[in-house]
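Asks: Going line by line, the protein sequences match chains P and X.
When we follow this note's numbering, the leftmost residue of the first sequence carries the number 3, and every step to the right adds one.
When we follow this note's numbering, the leftmost residue of the second sequence carries the number 3, and every step to the right adds one.
Errors might be hidden in some of the hints.
When chains are identical, the list treats them as one kind, so a pair holds in a single copy or across two.
As the list claims (entries may be wrong) - No more than 30 Å apart at the CA atoms, straight line, and that leaves these computed lysine-lysine pairs for DSBU-like:
1) K208 / K147
2) K163 / K221
3) K208 / K163
4) K242 / K93
5) K290 / K228
6) K208 / K246
7) K228 / K147
8) K29 / K147
9) K85 / K242
10) K290 / K147
11) K208 / K85
12) K163 / K228
13) K246 / K85
14) K221 / K242
Derived by calculation from the structure, the hints in this document are not laboratory data.
The primary structure of each chain is shown beneath.
Protein chains: 2
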Amino acid sequence: MSTAHLPRIGLVGAGIMGKPMGLNLLKAGYTLGVYARRPETATDLAHAGARLYPNPAALAAETELIITMVSDTPDVEAVLFGKDGIVLGAKSGLLVVDMSTISPVTTQTMAQRLATQGLRMLDAPVSGGEAGAIAGTLTIMVGGKAEDFAEALPVLTALGKTITLIGDHGAGQVVKACNNLIIAQTVIAVSEAFALAQASGVDLEKMRTALAGGFAGSKVMEVHAKRIIEDNYAPGFKAKLHDKDMRIAAQTIQSLDLNLPSSQLAIQYMHQLVEQGNGELDSSALAKIVQQLA
Amino acid sequence: MSTAHLPRIGLVGAGIMGKPMGLNLLKAGYTLGVYARRPETATDLAHAGARLYPNPAALAAETELIITMVSDTPDVEAVLFGKDGIVLGAKSGLLVVDMSTISPVTTQTMAQRLATQGLRMLDAPVSGGEAGAIAGTLTIMVGGKAEDFAEALPVLTALGKTITLIGDHGAGQVVKACNNLIIAQTVIAVSEAFALAQASGVDLEKMRTALAGGFAGSKVMEVHAKRIIEDNYAPGFKAKLHDKDMRIAAQTIQSLDLNLPSSQLAIQYMHQLVEQGNGELDSSALAKIVQQLA
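So here's chain P without its partners, still in its complex pose (with noise of 0.2 Å):
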């Protein structure tokens, strides 16, 4: 494939998400630009072809569609607003596209402030953790206008799998948000009825083959009750991080005024879980406060 006509891509993070995708760019064809906070964590990209910028504003001026893979809102919110932020260098039309996990409300009103200054954005950001950025397989859930939706699809294709517009400005965000909740509330449901099955003595690997395939299997029978039975919370996906997401989901239904008791009961066990110093652990080491109440 020449590399001629793919147009040069920005890449604002090159961390645990934005190296492999940076990495499957450039393996894609295009030309690719890297910010990175701290350069040294660009090295790998460097050597794979990718050109270092000082900052985001000076990323910003030489492409027209910028990448934003960051810790969390505030993180975002000065990459694009901040000193030497991607407005002071944007051409007129750029279309950022962050795929951090970062607040859906926060999301809205960036995308409008941006709108004010001729500029486009995508929330877009992805579920299935390092191995699937590594892999290209992740799940990408996007929320903003059609036409900027279809602008990036070709470039989405290089980083992920399952790729879907979800609707306008911010629902990439909240179907992530859900996303989070979900997996959190079905790890508890299973680590509760092993618990259950453990004080009756019922073998948790029989059980789990006699579960998986009927309804109530999913995924986190598949992968994450392996771990469970092993005690081997090897990420994965860290505590951590899910945590963060979670307190952004809890921002969310707050801000809605919503009371969710099952997902507040999630947000508060991964809470207490890193908490006690478990954040380092693949999150679905919830199983840990399942234990320690029943």
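With the hints as your guide, set chain X onto chain P.
Replies: Just chain X, lined up with the frame of chain P:
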């Protein structure tokens, strides 16, 4: 296939589940004897070749393997030990395969009581509902002795697909309780996520599609979530039956002195749903309770 070498199977119960199971046994070539408390429910089975008996004792006298498929714990107790019960007619060594969903604790007591009379028992509750019973694709979770399981397996193969010996007496019922608890909690998790998405203006079917293939994916997300989105709760698995199973789960949790808050929430919601007069709906109508509280 010649039926001459296949033993006579006894079946107690010709209800929603028992009737199609009996028809599958006849189809598989077994000679079938049936006792039904309400004989009119066994008409189809008689037409298909089953012989009807006036009481469980009379049926037990002419079979080596008898399946019980009745409503609740007291029904199994009555069929086994009550007036004209199985023990009064059984030849020594009779194998009772109880496929009802009942108390794991009582199951252990019953198996012991049968053993003192030279009779054998397996608990073999099923999931998959009426559709699974008709198709012969039930998931069957078995508790009891390995040699008894081996003896029953050819018969169970005519009724189900995934057939697992979990452990000793009661283990099948424990796993069935866990199955019901996990399903209900997953329905609640998905329903709360839908409430959050709806309040955020997100299209539920798009969200379902985006999440179904990822770590939030489950059989509930595939099947029940569609019912919730369409607000169409044609059963399926009726809430009143799920509620009955949840009461058994609650008793088991209590008898083991366990604290399982997420399970308790699901038990409470299911009861609330039935109390509101929705017992005939599919149990995924739990979403209604979530919506009322949200």
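Asks: Now tell me, hint by hint, if it's right for this structure.
Replies: Hints and how they fare:
Within a single copy, K208 and K147 get their C-alpha atoms only as close as 48 Å, which misses the 30 Å cut-off; across copies the closest is 15 Å, which meets it. Within a single copy, K163 and K221 get their C-alpha atoms as close as 17 Å, and across copies as close as 21 Å, so both meet the 30 Å cut-off. In this homomeric assembly, K208 and K163 come within 30 Å of each other (Cα to Cα) only across copies, at 16 Å, whereas the closest approach inside a single copy is 32 Å. Within a single copy, K242 and K93 get their C-alpha atoms no closer than 36 Å, and across copies no closer than 62 Å, so neither meets the 30 Å cut-off.
Taking the closest pair of Cα atoms, K290 and K228 come within 30 Å of each other only inside a single copy of the chain (14 Å); across copies the shortest separation is 32 Å, beyond that limit. For a Cα distance limit of 30 Å, the shortest separation of K208 from K246 across copies, 25 Å, qualifies, whereas the shortest one inside one copy, 34 Å, does not. For the identical chains of this complex, K228 and K147 are inter-copy neighbours only, at 26 Å across copies versus 40 Å inside a copy, given an alpha-carbon limit of 30 Å. Within a single copy, K29 and K147 get their C-alpha atoms as close as 28 Å, which meets the 30 Å cut-off; across copies the closest is 57 Å, which misses it.
In this assembly of identical chains, the alpha carbons of K85 and K242 lie at most 30 Å apart only when taken from the same copy (28 Å versus 61 Å across copies). Proximity of K290 and K147 under a CA criterion of 30 Å is satisfied in neither setting, with 42 Å inside one chain copy and 32 Å between copies. Proximity of K208 and K85 under a CA criterion of 30 Å is satisfied in neither setting, with 57 Å inside one chain copy and 37 Å between copies. In the homo-oligomer, the alpha carbons of K163 and K228 lie at most 30 Å apart both inside one protomer (25 Å) and across protomers (23 Å), since each shortest distance falls under that limit.
When the C-alpha separation of K246 and K85 is checked against a cutoff of 30 Å, the pair qualifies only within one copy, where the shortest distance is 25 Å, while the shortest distance between copies is 62 Å. Taking the shortest Cα distances, K221 and K242 sit within 30 Å of each other both inside one copy (21 Å) and across copies (28 Å).
Checked against the numbered hints above, the structure violates hints 4, 10 and 11; every other hint is satisfied.
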